[in-house]
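Q: First to last, the sequence lines map onto chains L and Y. Each residue of the first sequence is one higher than the one before, counting from 1 in our numbering. Each residue of the second sequence is one higher than the one before, counting from 1001 in our numbering.
In case anyone wonders, no lab produced these hints; they're calculated from the structure. Worth double-checking, as some hints may not be accurate.
In silico DSSO-like links for lysine-lysine, alpha-carbon gap of 30 Å or less [stated by the list, open to error]: (1) L:K229 x L:K99; (2) L:K229 x L:K126; (3) L:K140 x Y:K1122; (4) L:K176 x L:K229; (5) Y:K1088 x Y:K1267; (6) Y:K1267 x Y:K1170; (7) L:K126 x L:K234; (8) Y:K1122 x L:K194; (9) Y:K1122 x L:K176; (10) Y:K1122 x L:K126; (11) Y:K1088 x Y:K1170; (12) L:K99 x L:K252.
Being a predicted model, the structure only gives us computed values, none of them experimental.
Spelled out from the first residue to the last, the chains are:
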Amino acid sequence: MSLVTRIFTQRAHSSQLSRLFCLLGVVSIAFLSNLSLAAERLTLTGSSTVAPLALEMAKRFEKNNPDVRIDVQTGGSSRGVNDARVGLADIGMVSRALKESEQDLTAHLIALDGIGIIVHSSNTVKELSRQQIIDIYQGKIRNWADVDGPNLEITVVNKAEGRSTLELFLHFFELKNSQIRPQVVIGDNQQGIKTVSGNPGAIGYVSIGTAEFEHNRGTPIKLLPMDGKEATVKGVASGEYPLSRPLNLVTKAQPEGFAASFIEFAQSTDVLDLIENQFFVAP
Amino acid sequence: MGALSFVCAALLCLILGFLLYESWSLVADGRWLSFFSQTGWYPLEGLFGMTPMIFASLVLTFGSLVIALPVGLACAIFLEFYAKGWVKKSFQSLLNLLAGIPSVVLGLWGLTELVPLIGQIKAPGTSVLAGAVVLSLMILPTLALTSYAALTSVDRSILAGAQALGLTQKTQILAIAVPAARSGIMSGVLLASARALGETMVVLMVAGNVVQMPSSLFAPVRALTANIALEMAYALGGHRASLYVSGLLLTIIVWILAYLASYLFNKGRTVSHD
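The following block holds chain L by itself, in its conformation from the complex (with noise of 0.2 Å):
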């Protein structure tokens, strides 16, 4: 390259250069305004469980309704009813049914999140009660053989501690994680249906759509029922598998404007696809 068409290219890309910064400005200048010009704000505490899923619904709803901005914040379901109750938020997220003493609220039910309990295809267990998972999970029991399965040393498998999963499997057998002996603790439920499916003598617990998406693709793995019920995301959906809990948007009267159009839209058919990528099951 000669100096002159050197020299030439790099004035060229300097001028670009300038050009895109001044682009940049009027983009950022033109995103303030529009920040500015939605006056609807939308505001939603509570349950880091069901927040993942409010925030894909909101992402949308925005999309639709371009002059509301929505915010969701995590704080744990006893924010979100204590943030709907006193008026902090519009819309709290709740990760149980409410209880006797919040009736003053009410709570629309936007989806249905069950776990079931897994183990490796070729292990003959067929049922375990509630009392030999908890002995299992805190180590009293130690071999299959105990619990009328192949003489084999079982290996816990837990979740890492904030995962929804775990808050569910440890509310509903009454359990403290620091009473749980594993020997393997994982991330995410795909790595739970790895773990379990490469280890014949391992049970862990995972979302229940995962767990029976791949079982039905052949991965070696086995839903245990619970309580003599079948673990399937019909048995969820149908509230008969115990295993499982609701998911609910809750207010404190009868909401109104885009809180009553945004609930609407989280209970429609629209979103019928983000329940599923966040492993919950469609009420």
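Starting from the known structure of chain L, arrange chain Y on it as the hints suggest.
A: Just chain Y, lined up with the frame of chain L:
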């Protein structure tokens, strides 16, 4: 060029500042000391004992070095003194290829192949051993290529002298070339250990993630990096800040290693020029 390098430096400072800012609430009031005194890691119950994870990270790194260093050094010696022509070229590109394998692929291989294999010896298979083996595969190319570069830069006149003394090739390599290249090899070792220490995906997948002191090769452990990856998405308040503290800790350790590596590398260079 100056502006770009300034951006890079500023970015590093920003990262450090961000880590400090996020973990400040725990660092400022001295609560971070309880990370070393408490025994369990149950953030939701207010227990933040981090010592087992620091040890796990160090043991995993050390274990991977024990496996990878002899092999890496052997690769480097082979490349420098024995391989010729297309063998040398293809072996070198093989090492480069190994260096380019994404860690998640190695982790997946470890989880689906290696872990069940170790599990047959002693359940559950996810263990210090599995973590160290997969990590050693990751750092092997770094070790081999840096050692090779160090061996190549050994003054030829030393080797010629050794040859003139009638030493066998084995003695020339082990007693003359390797000791002469040791500072370069050491800086490679430190770089590799920084990489092993910072590696997340592999240890998350194959080491088992149970927070406990590494008591045996077959015990599942959780490394500091895996802890951040496992819990960051759902952590709030003090839990979140404690994860940032572990990130800060890790960054500082890695920086110290990187500094030592560059120090040794420069020292090695001045020595060979003398």
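Q: So, for every hint listed, does it hold in this structure?
A: Verification of the supplied hints:
1. L:K229 x L:K99: Holds - the C-alpha atoms of L:K99 and L:K229 are around 25 Å apart, at most 30 Å.
2. L:K229 x L:K126: holds (12 Å)
3. L:K140 x Y:K1122: holds (19 Å)
4. L:K176 x L:K229: holds (25 Å)
5. Y:K1088 x Y:K1267: holds (29 Å)
6. Y:K1267 x Y:K1170: Roughly 26 Å between the alpha carbons, so the hint for Y:K1267 and Y:K1170 holds.
7. L:K126 x L:K234: holds (20 Å)
8. Y:K1122 x L:K194: Roughly 18 Å between the alpha carbons, so the hint for Y:K1122 and L:K194 holds.
9. Y:K1122 x L:K176: Distance of about 28 Å is within 30 Å: holds.
10. Y:K1122 x L:K126: holds (25 Å)
11. Y:K1088 x Y:K1170: The hint holds at about 19 Å.
12. L:K99 x L:K252: holds (14 Å)
Hint check: no violations occur; every hint is consistent with the structure.
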